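*Asks:* Take the sequences, apply the hints, and build the full model.
As they're listed, the protein sequences go chains A and B. With positions in the first sequence counted from 1, the corresponding number in our numbering is that position plus 1105. With positions in the second sequence counted from 1, the corresponding number in our numbering is that position plus 84.
Keep in mind that the hints were calculated from the coordinates and are not lab data. Note that the structure is a prediction, hence the values are computed from the model and not measured. Misleading hints may appear alongside valid ones.
Here are the in silico distance ranges between beta carbons for each label pair [said to hold, decoys possible]:
1) A:GLY1301 with B:ARG243: 32 to 42 angstroms
2) A:LYS1283 with B:PRO147: 24 to 34 angstroms
3) B:ARG243 with A:TRP1235: 46 to 56 angstroms
4) A:CYS1219 with B:PRO150: 51 to 61 angstroms
5) B:GLY268 with A:ASP1351: 30 to 40 angstroms
6) B:ARG109 with A:TRP1235: 20 to 30 angstroms
7) B:ASP329 with A:ASP1201: 53 to 63 angstroms
Partner residues aside, some chain B positions facing chain A, computed with beta carbon under 7 angstroms [as the list claims (entries may be wrong)]:
8) TYR168
9) LEU263
10) ARG290
11) MET312
12) LYS595
Yeah, the Cβ is synthetic: ideal placement off N, Cα and C, and Gly gets one too.
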Amino acid sequence: MTSANGNNKNKRYGMTIDVDRCTGCGACMVACAVENNVPPAHEGATERKGITWIRVFKVDNGEDYPGKRTAFVPVLCQQCGEDTPCVHVCPQQAVDVDPATGIVGQMPERCLGCRYCMAACPYHARYFNWWDPAWPVGMEKTLNPDVAPRMRGVVEKCNFCHGRWHAAKQRAAAAGKKEIQPGDYVPACVEACPAGAIRFGDLNDPAGEVARGAKNPASFRLLEKLHTEPKIYYSSKRDWVRRIADAPRPPMGKENLRG
Amino acid sequence: MFTPAPWRLITDTALWSENWPGIPRPASGEIKTRYTHCALCPAGCAVRARLVGSQPVALMGVPAHPLSLGALCPFGLTGHQLPYHPERLKQGPEHEASAAVAGAIAQCAPGERIAVLDLRPGRTASWTYRRAMAAVKNGVYLTAPQPLEGAAVNLAAARTVLSIGAPVMEGWGTPGNVLAARAGFRLIQAEPLESRTASLADLWLRIKPGSGRALALSLIAQLEGKAMPAQAAAETGLGESQIADLAGELARNGPALVLAGDDVPEAVPLNRLTGAWGKALMARAEAPVPDSWKKAAPPAGLASVPDGSIRALLIDESVPGDYIPWNAIAPKLVPGNPVVVVFAWSRSGYGRHAQFTLPAAVYPEMTGDAPAAIDSPAAAFRIFTPLVPAPSGMVDPAVFIASAAGIDASGALRERADAIHKAGRGTLFTCADVKSRPVKELKPEDFWKALNEGGCWMDAGWQAKPPAPLVEGTRWQAKAPASQEASELPLLVALTDLPGSAGLVSPLMSKLYQESNLRLGRNRAALNPASAAACGVGEGAHAMLQTVLGQRPIQVTVSPSVPPGMVEVGASPEILDICGAFSRARVAQS
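*Replies:* Here it is as structure tokens:
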């Protein structure tokens, strides 16, 4: 449905990430964990078994010094818009795409932990709870009241801080508004990025910063050839960074982006 | 078979088992907002805390803040979790320590000293220590060395920045200010390893480890039109033409600011030659202090104290600061039975060597203040307003030391605020209403109240002054190892700094250190694949890092970004105690 001003009635939330601005500080990663009650690593957790809904990867152009160039690429759930792989493979209907927002949601209560979705996700942006979520004694007092911690044995992933979306809806309703105003709802990583590299907004709003950023000639998406229509748009003026998006060079000879 | 009951039972059992032994349920309550400043590094960024009831559950930056510009680093974002760190000290022998210090003061012989080591000078607590040491017979106030001789940097005025190993993009200065100014200057990073700053620089010059001074001397010679010092260019690993080009760029594209750590004392003279002094680098006045405080012990460096002369040493490790390796401190203590008291959050830093380790409040429990950061040209004064009360049993180092010296420092912060107000200069920024007001328009009570609600005082401006003379003996020297044979110790050590002298980081920082490869964690070491193969270690191997000063267990990461012949180590007090800057080491399987 399209309104008079050309906007779809439904939102299609998405992000633009300026790779050239990312400093690899990791503020997005910890802000996400704080917001979404992701616990600290279990003693046995590694880069393969840890839970990081957004993870910053260090990539390079494959050359040695002095020709070596490096970039930092934050990777999170790409919020696929078409043929969302994780939705198709879930036997429990624990994954869905919210038509009102375009957000790919994960319902841990329905998840049986088969991890088909993890295998199907081309971006390795889904994480399994190998252990009971645990915080050092007392630290559970710092949990965000808007988000329920997940249990052992289920998969979780980025949902664009859905708790913040609910809170923004409530605030809008309390103020007598039907719609969330741009800027009233931003995920924690966007708010925390000190470099302003991550922007968030409605891709259906052609005047919005994100929709305009997505049309930037330097903009690209990860593994675009799979036609999953991700709603995360990266941008970089460097050709080699854009090339990596379609053919990630596994670091250290490991088999996937996560090692 | 077709009845749903058994399937339902299986599902419920599975859910029950997943939830056992119980998942924490977040507490609910009224949502509030409070403002304070981060105490985890000298930047003192402004913080907006989200509280449920009285409990902070999230920290964020304050976008309109004139100094921090809304940025908060990952350490600051997780600061509210620090009070619950599992390694935290909960009690300590306060009375025994107090008696031992009183005994040491009473028995201090003429050639002996009572010393306070302040790892983050410039605070109001630092003034308390200086006043206390002036009141004590043979008292001496020791500080950590300051980069650029304590001068302030104005990044916005620089067109070129040459950083000799300074972590410009990794928490140096105020992150928000650095990022805001970054587009305005060309960054040249001279460093042996590809740090994050080197990755993000416009030009990375891979110099040899420990050759920062040689590079600075070569550039000085070039800029003065003299011949380059013999072997200096070779020592850096750069060609003479490369150094000449670099000097040409500094002269051409000015103001060109040269940043370096305290291990390159030539940085300030170099800044004079490039024309940065007075524009991008300047001496800065401190925030006003009460007149009665000015009779205080002057800052002194560890090197100015004779060996074997410190009878009692009190180390304030309550706020993270630069860690001076213990092997530089130990020779200064009197032989026999020196009294060493450390105020710290855990025993992982100097507490390992101290006779008494007293538990100190951590951010955001502590009360204190932040002076202006290195990249603030004007003086500033901000208070760390506690967001949660400190547990019982915590010892305030300023109160303890003042009491030992017989002075009253209980209202020091208020006295300082009143002195600033009395001076009548500058403006006060308040976070809640995002307004700046001249101090002259405020009453003393309102000024104090606003400071306690996250307000920030900034001086009216800055004036270029001649640099203060270098504090005598500020630079410490690690005890020189007897011999470092390349055949026995084939690897050069490069330390990756962690903020804080004793690694005070939230357990949630495992996202960066353990659950991803973004940062090298404490006691982890990265080796080139060839070096790792030569050492007989592989990815994830548990090994020993051996230097002439000792050995420490490490976990190995194999990374092609580390040059062959080097080992990059995540610095921790334990590692710093056995590794000086660019010492040699060997990695052996444990």
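*Asks:* Please name the hints from earlier in the document that this structure breaks, with their numbers sorted from lowest to highest.
*Replies:* 1, 11
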